[in-house]
Amino acid sequence: DAGITQSPRHKVTETGTPVTLRCHQTENHRYMYWYRQDPGHGLRLIHYSYGVKDTDKGEVSDGYSVSRSKTEDFLLTLESATSSQTSVYFCATTPGQGDSPLHFGNGTRLTVT
Amino acid sequence: GESVGLHLPTLSVQEGDNSIINCAYSNSASDYFIWYKQESGKGPQFIIDIRSNMDKRQGQRVTVLLNKTVKHLSLQIAATQPGDSAVYFCAETRPGGGADGLTFGKGTHLIIQP
Chain A
11 DAGITQSPRH
21 KVTETGTPVT
31 LRCHQTENHR
41 YMYWYRQDPG
51 HGLRLIHYSY
61 GVKDTDKGEV
71 SDGYSVSRSK
81 TEDFLLTLES
91 ATSSQTSVYF
101 CATTPGQGDS
111 PLHFGNGTRL
121 TVT
Chain B
2 GESVGLHLPT
12 LSVQEGDNSI
22 INCAYSNSAS
32 DYFIWYKQES
42 GKGPQFIIDI
52 RSNMDKRQGQ
62 RVTVLLNKTV
72 KHLSLQIAAT
82 QPGDSAVYFC
92 AETRPGGGAD
102 GLTFGKGTHL
112 IIQP
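Chains as they are written, first to last, in the numbering used here: chain A, 11 to 123; chain B, 2 to 115.
It is worth saying that the hints were derived from the structure and are not from the lab. One or more hints might be untrue.
Said to hold, decoys possible - Straight-line alpha carbon distances no greater than 27 Å define the calculated DSSO-like cross-link-like pairs of lysine-lysine that follow:
hint: 1; chain 1: B; residue 1: 107; chain 2: A; residue 2: 21
hint: 2; chain 1: A; residue 1: 80; chain 2: A; residue 2: 67
hint: 3; chain 1: A; residue 1: 80; chain 2: B; residue 2: 43
hint: 4; chain 1: B; residue 1: 57; chain 2: B; residue 2: 72
hint: 5; chain 1: B; residue 1: 107; chain 2: B; residue 2: 72
hint: 6; chain 1: B; residue 1: 43; chain 2: A; residue 2: 21
hint: 7; chain 1: A; residue 1: 80; chain 2: A; residue 2: 21
hint: 8; chain 1: B; residue 1: 57; chain 2: B; residue 2: 69
hint: 9; chain 1: B; residue 1: 107; chain 2: B; residue 2: 69
hint: 10; chain 1: B; residue 1: 107; chain 2: A; residue 2: 67
hint: 11; chain 1: A; residue 1: 63; chain 2: A; residue 2: 80
hint: 12; chain 1: B; residue 1: 107; chain 2: B; residue 2: 57
hint: 13; chain 1: A; residue 1: 21; chain 2: A; residue 2: 67
hint: 14; chain 1: B; residue 1: 43; chain 2: B; residue 2: 107
hint: 15; chain 1: A; residue 1: 67; chain 2: B; residue 2: 43
Owing to the predicted nature of the structure, the values given are computational and were not obtained by experimental measurement.
Please work from the sequences and hints to get the whole structure.
Right, dumping it as structure tokens:
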């Protein structure tokens, strides 16, 4: 939906290694978000972006960083992966904020061993 | 497949029956609500939304009801089909909350029995 592509779809990595997840959108939406989804929790916001090079922290930002060098791309980096970061990560976009629904990608399943 | 369905409340309905999925939201000041559907291995998909100045909104085979008095939201699916099997969750947006003002519920797993 909204032309959102996440890559990779699946990744297994070892504790302590850096990992970068990619989100690419073709809808020219201004806002982009990274969420994680874990059993027993609702989607939780990691970081979001409100424009090129404009980003801010969400609820669970510790251990994560993001970058947005182009409107269409939003990268999520785990500088040193930990087992607690094993999760499914979703990218989402909206044209505006607050009163329009998010459009989600199909997620990246990350396993940290 | 995705394990998001684990630990969730489950609603099992017969194919063809109507389904009602409930959600209690937390912030009495929230002014915009959304229902999402998530199938196994996929991202959440927008179903329907409603603003706080409305009590009811209808879409194709779906109706959302909002009861602000008791902070309750419900999603009604008419004539449930096998393709409706998924996890459904609500989201609320606090006024002026901005990009980080959205809170998601944990979801309900809807199972359609033939």
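Status of each hint after checking the structure:
no.: 1; hint: 107/B x 21/A; result: holds, 24 Å
no.: 2; hint: 80/A x 67/A; result: holds, 19 Å
no.: 3; hint: 80/A x 43/B; result: holds, 25 Å
no.: 4; hint: 57/B x 72/B; result: holds, 14 Å
no.: 5; hint: 107/B x 72/B; result: holds, 16 Å
no.: 6; hint: 43/B x 21/A; result: holds, 16 Å
no.: 7; hint: 80/A x 21/A; result: holds, 24 Å
no.: 8; hint: 57/B x 69/B; result: holds, 11 Å
no.: 9; hint: 107/B x 69/B; result: holds, 20 Å
no.: 10; hint: 107/B x 67/A; result: holds, 22 Å
no.: 11; hint: 63/A x 80/A; result: holds, 8 Å
no.: 12; hint: 107/B x 57/B; result: holds, 22 Å
no.: 13; hint: 21/A x 67/A; result: holds, 24 Å
no.: 14; hint: 43/B x 107/B; result: holds, 16 Å
no.: 15; hint: 67/A x 43/B; result: holds, 25 Å
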